[in-house]
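> Spelled out, the chains give:
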Amino acid sequence: MAQEFLYKDIITMSISYILFWFVIIVLILYPKLQLRKINRRKRNLEKSIE
Amino acid sequence: MRKDKQTFFRNNILLLISLSMLIINVFFIFGLASFDRIVYMIFFYHVSSAWLSYFSFGISLICHIQYLRSRKINWNRLGKNSIIVGVCFTAFTLITGSIWYNATSGNYTNVFWQWSDARQTTTLVLFLSYLSYLIFRSSIEDKEKKAKLSSALGIVLFPTVPLSYFSALIFTSLHPLINPITGESGHIYWDLIKLLILFFNLISMTILFVYVVQELTALDEAKDELEKIIQKKLIEE
Numbered sequence: 001m002a003q004e005f006l007y008k009d010i011i012t013m014s015i016s017y018i019l020f021w022f023v024i025i026v027l028i029l030y031p032k033l034q035l036r037k038i039n040r041r042k043r044n045l046e047k048s049i050e
Numbered sequence: 051m052r053k054d055k056q057t058f059f060r061n062n063i064l065l066l067i068s069l070s071m072l073i074i075n076v077f078f079i080f081g082l083a084s085f086d087r088i089v090y091m092i093f094f095y096h097v098s099s100a101w102l103s104y105f106s107f108g109i110s111l112i113c114h115i116q117y118l119r120s121r122k123i124n125w126n127r128l129g130k131n132s133i134i135v136g137v138c139f140t141a142f143t144l145i146t147g148s149i150w151y152n153a154t155s156g157n158y159t160n161v162f163w164q165w166s167d168a169r170q171t172t173t174l175v176l177f178l179s180y181l182s183y184l185i186f187r188s189s190i191e192d193k194e195k196k197a198k199l200s201s202a203l204g205i206v207l208f209p210t211v212p213l214s215y216f217s218a219l220i221f222t223s224l225h226p227l228i229n230p231i232t233g234e235s236g237h238i239y240w241d242l243i244k245l246l247i248l249f250f251n252l253i254s255m256t257i258l259f260v261y262v263v264q265e266l267t268a269l270d271e272a273k274d275e276l277e278k279i280i281q282k283k284l285i286e287e
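Just so you know, the protein sequences line up as chains A and B, in that order. Residues 1 to 50 (the working numbering) are what the first sequence spells out, left to right. Residues 51 to 287 (the working numbering) are what the second sequence spells out, left to right.
Worth flagging that the hints you see were computed from the coordinates, not collected in a lab. A virtual CB, placed ideally from N, CA and C, is assigned to each residue, including glycine. Keep in mind that the hints are not guaranteed to be accurate.
Stated by the list, open to error - Have a look at the derived ranges for each label pair, beta carbon to beta carbon:
id : chain 1 : residue 1 : chain 2 : residue 2 : range
1  : A       : K47       : B       : D54       : 17 to 25 Å
2  : A       : L6        : B       : S155      : 14 to 22 Å
3  : B       : L66       : A       : Q34       : 15 to 23 Å
4  : A       : Q34       : B       : F216      : 32 to 40 Å
5  : A       : R41       : B       : D192      : 47 to 55 Å
6  : A       : N44       : B       : T57       : 31 to 39 Å
7  : B       : I185      : A       : W21       : 20 to 28 Å
8  : A       : I11       : B       : K283      : 52 to 60 Å
9  : A       : I10       : B       : D192      : 50 to 58 Å
10 : A       : K47       : B       : Q264      : 53 to 61 Å
Unchecked claim - Simulated crosslink set (DMTMM-like; lysine to aspartate or glutamate; CA at most 20 Å straight-line):
id : chain 1 : residue 1 : chain 2 : residue 2
11 : A       : K42       : B       : E287
12 : B       : K122      : B       : D274
13 : A       : K32       : B       : D274
Next up, chain B with everything else stripped away, as it sits in the complex (with noise of 0.2 Å):
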């Protein structure tokens, strides 16, 4: 019984950590941060979402380039999973981002999307083209021709990361911009103790989003070693 609570704990160690941290940042974010309209808070999830989405991406990209280095099976397991955590906050994102416009720029006008704002629509860009990576993997079923194909797939896709990000720099966008000087217009402002907020959440996903794919990835290990039996199984047979 001992032994048991010691593996759950080994074993989800990250997750723990993460999760006690974001709970935490919970009191942080309700208790520390002063913003004018309580709405403004979606900023901690929606940034760190934002934050988490690029970073899964960026390591994909790493990941896909060492597969097609090195041949082994696991970067593009990596980075395929990394890919399905950034998925999921890619689409959190839109939607809270979504939300968002219509809260502050539309005062609740029912106006959700503007095609001519240029981060919103790169970013559903990057939603739908990595959306389309993982549909494209799953249609073919020769592992090696499956994994060579989409890792090819996953580096091209990577420049819809940085055409997001800086879209709202370079094209006309109303997407307001982290910034810890006071009075610019079009910005908000974040003091210290927001930006110290933002960075603790930063933190604690990053580990979550390692567990997460620590987990999904011994997914895959456990798919592989059913095959093998069932393999076994149908020789047998």
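One chain only, chain A, in its complex shape (with noise of 0.2 Å):
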């Protein structure tokens, strides 16, 4: 049974590690871009204003 579905098995894995890491990878970038347009809008929007 192990041996069968070797092939399939690592692939299955493998999926689900990148998946992983990808929803890890996302909720760490996305408020830190974010924040980062942020500040830059609001530089600029600040030195519009003087």
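Reconstruct the complex from the two isolated chains, following the hints.
And the structure:
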């Protein structure tokens, strides 16, 4: 049984593993990138007010 | 330059701890845990994500109750941000659960979903409920109204969490249960090493949760500041 599905098991495990890290990377990068965007906008607006 | 580095480490200490723990755990999982089939290793990630989603929805419940009691906007933000993390990990749990189902119960016959399986169906209900919370929240303009209504909804939706958790015990489900007693059918035998690895994963993901919620809250505060600047500019014009 274990040998029969070894190849498919490895692919399935790899997909899950990649997906796991994808979720984590998105959760880490999303606030960082958004914050950078907002700070840039804030700086531009403050400059234009001055 | 040195000060920059220090600030970077101080701001990202939780991220660095959790990521290093997760990376170390990869070696533990692939090096120490032995299963009949390699696909069983999904469980370390699947169970940890499920735990994290339940945990974040639990935290959101506390935050929403606190908001309704104190009317401090930070509680509502924390609740919302916990739900964002929870929804992401519930989606991951659902996907890995389906993949797992196809790999084990279906033996790769492309059966990913069983509506009769209580755990799968109630977890989907949980996911859709909290996703609807986020959609509902984003559809309200007025800040106070948004916070009040979303807090109430956050509390109302919480019963879907115990429903999802206990569904495998109460109703018909093919979902295996973690059991340290060997030989029981329908259960996966988890020895001490596997349980320790799982526990290590849970801790690292909980630390990551704290970090992400912290970052999302900082983002909300920055958005507020931006709004104030925009209003100031509009008044000046």
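> All hints, please: hold or fail.
Against the structure, the hints come out as follows:
no. : hint                       : in the structure
1   : A/K47 - B/D54: 17 to 25 Å  : holds, 23 Å
2   : A/L6 - B/S155: 14 to 22 Å  : holds, 18 Å
3   : B/L66 - A/Q34: 15 to 23 Å  : holds, 21 Å
4   : A/Q34 - B/F216: 32 to 40 Å : holds, 37 Å
5   : A/R41 - B/D192: 47 to 55 Å : violated, 23 Å
6   : A/N44 - B/T57: 31 to 39 Å  : violated, 23 Å
7   : B/I185 - A/W21: 20 to 28 Å : holds, 27 Å
8   : A/I11 - B/K283: 52 to 60 Å : holds, 54 Å
9   : A/I10 - B/D192: 50 to 58 Å : holds, 52 Å
10  : A/K47 - B/Q264: 53 to 61 Å : violated, 29 Å
11  : A/K42 - B/E287             : holds, 17 Å
12  : B/K122 - B/D274            : holds, 15 Å
13  : A/K32 - B/D274             : holds, 16 Å
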